[in-house]
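Engineer: One-letter residues, chain by chain:
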Amino acid sequence: MLVPILKQGPYLIASVQAALRDADLVKLRDALTEQVGTYRSRGVIIDVTALDVLDSFACRILSDIANILRLRGAETVIVGIQPEVAFSMVQLGLRLDSVVTALDLEEGLDYMKRRTERISHACYRK
Amino acid sequence: MPVTGNEIRVAIKSDDDILAARQQGRELGVRLGFGPSDLAVIATAISELARNILVYAENGNIICWPIERGTKKGIVLQADDEGPGIPNVEAVLRDGYSTSGGLGLGLPGVRRLMDEFAIVSRKDHGTTVTAIKWMK
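Heads up: the sequence lines are chains U and X, in that order.
Under the working numbering, residues 1337 to 1462 are what the first sequence spells out, in order.
Under the working numbering, residues 31 to 166 are what the second sequence spells out, in order.
Honestly, the hints are just simulated from the structure, not real lab data.
Incorrect hints may have been included.
[What the hints assert, rightly or not] Covered by chain U, per the in silico footprint, the following chain X stretches (three or more residues, Cβ under 8 Å):
{"no.": "1", "stretch": "46 to 54"}
{"no.": "2", "stretch": "64 to 70"}
{"no.": "3", "stretch": "77 to 83"}
Beta carbons are placed, not taken as given, at the ideal position from N, Cα and C, and that holds for glycine.
This is chain U alone, in the form it adopts within the complex (with noise of 0.2 Å):
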């Protein structure tokens, strides 16, 4: 199942619909990596709030989008990690410590404009 990628102004959201297959996960990575330069976004929030699941292969490649992304210039949040699911992956030891993540889809635009202002203030004051 391939994942909608939405632009809203200089953010694009990733909204995960269903379970998704590994190779899902690795276009999601590619398509993120070309789009954030091809629409000059700042940050990218993807919504994982209809997952049941975040295994190991999984916080691998979200950890590796947000690594990919800060690279290309932009943020990354996570957002919607179910309570039961954030159980789960500490139980088993998976922590995404590197990755920046917020209760949901809300908070995560609100980070996101909190970020994306500073940095632009920051330039202006140079």
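Based on these hints, arrange chain X on the given structure of chain U.
Structural biologist: Chain X alone, transformed into the frame defined by chain U:
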């Protein structure tokens, strides 16, 4: 004692099968009456076991069935392959150990997720991992 007629068996040959195994395992968990946290744990454990099969043995089976012991009820997850076997079972159960260059969380992680856990492995004859989750 296994309860007959309620077993699921999924052959693991590709990443599609990982998804199928975890969905079918989860559905069995729902039928048995597991709550949301345990269902996520069961699905995650199946995912890791199935991926282990794919990475190390290329093909094998995920089999799940209900179990009763005294008044306890639970689910058994079994990953069965005819791959090369695990030369050093103790080493793969240590956190951080991985021979595939992956995260190395697979088996120790599954052991933490589940209530009971056992591995039987014979060189060149494959590996069977059996794990049980009891209903609380």
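Engineer: Tell me if chain U covers the stretch 77 to 83 of chain X under the three-residue, 8 Å CB rule, please?
Structural biologist: Held - the stretch 77 to 83 of chain X has 3 residues with a Cβ nearer than 8 Å to chain U, which meets the minimum of three.
Engineer: Does the stretch 64 to 70 of chain X contain three or more residues whose Cβ lies closer than 8 Å to a Cβ of chain U?
Structural biologist: holds (count 4)
Engineer: Checking C-beta pairs, does the stretch 46 to 54 of chain X have three or more residues closer than 8 Å to chain U?
Structural biologist: holds (count 5)
When each numbered hint is compared with the structure, no violation occurs for any of them.
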